[in-house]
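Participant: Sequence:
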Amino acid sequence: MANTAQLLRRQSSRDIILKSQKSIDQMELREMRGRLVPKEHHSSGGNSSTHHHHHPPHQHHQTMFGATNRAFLGDAFDESTELEPEAFGAAEASTSKSKADLAAAVAATVEASQEPDIIEGEKEGEERESWDNKIMFLLATIGYAVGLGNVWRFPYLAQKNGGGAFLVPYFIMLCIQGLPIFYLELAVGQRLRKGAIGVWSQVSPYLGGIGISSAVVSYIVALYYNTIIAWCLIYLLHSFESPLPWADCPTRLYANYTYDHEPECVASSPTQFYWYRTTLQCSESVNEPETFNYHMAIALIVSWFLVYICMVQGITSSGKIVYITAIFPYVVLIIFFFRGITLKGAADGVAHLFTPRWETLLDPVVWLEAGTQIFFSLGLAFGGLIAFSSYNPANNNCYRDAILVSLTNCGTSLFAGVVVFSVIGFKATSTFERCNEDRANLLALNKTTNLPVCDLEKELANSASGTGLAFIIFTEAINQFPGAQLWAVLFFLMLFTLGIDSQFGTLEGVVTSLVDMKLFPNLPKEYIVGGLCFSCCLISMSFANGAGSYIFQLMDSFAGNFPLLIIALFECLSISYIYGVRRFSDDIEMMTGSRPGLYWMICWKYLSPIAMLTILFASFYQLLTEGSSYPAWIASKGFTEQLEWPHWCIVIAFFLILSSILWIPIVAILRLCGIKVVEDSDPAWFPEAELKEVHGIVPHEPTEIERTIFCFNMDGTEGMCCPKYGLPEKSLEEEE
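Numbered by my numbering, the letters in the sequence shown go through residues 511 to 1246 in order.
All the pointers check out, no bait thrown in.
Quick list of the computed label-pair ranges, beta carbon to beta carbon:
1. Asp1192 / Ile845: 47 to 57 Å
2. Phe991 / Glu947: 16 to 26 Å
3. Ile819 / Glu869: 48 to 58 Å
4. Ile1112 / Arg910: 18 to 28 Å
5. Lys670 / Tyr1131: 18 to 28 Å
6. Val1208 / Leu1133: 45 to 55 Å
No wet-lab data here; the hints were simulated from the structure.
These numbers come from a predicted model, not from an experiment.
Beta carbons are placed, not taken as given, at the ideal position from N, Cα and C, and that holds for glycine.
Using the sequences and the hints given, assemble the complete structure.
Facilitator: Following this line, the structure appears as structure tokens:
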């Protein structure tokens, strides 16, 4: 969950020309360039002589799409060097272009000035950022999708829900739900060239609420997600201490000047005590916030400052941040892998994770959790993927990107599962051997009552999800490593980078939406990012108290799950039944040169909505029948107990859900009443005619199967799902 704050803002083509033609006044050249573009595109569809005057025939196949989207050309567009003739046409880019040619080009703009709509579209396209290169886009998207859930959520779910058998529903849900929605978001962002709000308003003015809902839920999730980064910073700072502060129980000074270990720590464990009492300073219920946690407050301020600095500095740092935050977690996972498989008991841990228990496939909860994990691990419906792809070139192969990133994400989950359970196997084996030693010592003393029960499988199954896995179980295993400080530093650095690049992508969904809505038209993007981070930092102080971890769990349980499922459902329905599957497939064929297969169209229109509706209703049913609770730390007992959420927490949970999803019907209803919540904007410029010419696109004739399954009619409509609200622009061929 990486953003355009990490990408290098590419200069538009007018800026590149400005560098190579220094003798022309800056404003005059900008106006000339803005008017020349429509003339060139006009001529490409009709009179080819003018087009070839600026682009020689031997370079025609290198036509670029979008004034700023020359992104994936590598060093050919290095701004520190002259523009190479092969990249942009020798006549236009050369610094030795004669004054006579320039004068003729300026004169030609008079003829082109009669096409204001195209000019405005091109100017809007010129203001859009674009990725520095393809590698940066892929790393940013992988960093966004691969997050903490891959490391501390998937391994727990797998061993809990049937081990190797869990992979069956996991990959089925990936195929019918995860991949299709991921593909859809990348394609629609690349086609419409806007953030989530702009995209869905473009599909239909009544659907602008989908984009607003994505922005709101992204803001809420970013608000509490950064708390994890703050926890990682606290542990990272103390990882340099020797011995590690969570390795042994602290001592207490009594009134008689004697020392002894803290009873609460002895009753639990050093890692649990350090997590609940030292780091979180947990109270015994969410109703008892107790004292303010100053250490947590400072960590939150630092973490939000780091997020802001990374997002802003990423603009001028040549994309180094995204390379570090996306690649470093894999380096650490590989190091831990080779360390883990050499530990005693590692094989038992990995075998416990992947040994299939096929009877669990009959449990609907297993399928529910598989679908939920796929959905959230890919980061769908936040708006971040749409924002990322909107900065891609119009001819980028979004299908290949969707397959690559999705499979990388799932492969990372499997690899992380092996790493985690090799370490858990070592911990379980060590505990099992100590238990046997204690049992043998008691038997040697002829004590046959109250003997400890030693069970390796029970120890292996005693894993945890989320914070319990990272800050309790894994740290306890690291304590037993030689050179534990080094392993602790690597582990928490990995968690920090996993969290922070996902945080970038989550905030990008908010920032891009605000920019596209033009709520602050004269405010630079850097100030918008700063305002968001500052407001989140202030609100996040609610986590810096004894009940802060419980508030975190409340938001984590309700703020993201249900709203994101509902938003993704509306995204799928909007493309399938309003924009039109046939039209969407035409767009993808135009961008990539190949048409989506029948399988993807069936998923978008039928399978994915059915899967999301099933998960949604099953989740609500499970919530109503089983209720919801949270683990509260009971200091006197030294362990956690499940407590029911109080009524005021349930009210907050419903408020969090409704504050996100109610924008979808509100915007539609207000639009019907003539009130515009989201102002209409011109479509972003898109080189439709050029793409069709380059890819040799001809009108697609629906097959008999397509007519039967999707209700395609001969006149281009799709039965009851005929698009009514499309792009107001006409194709260039129609204008000719």
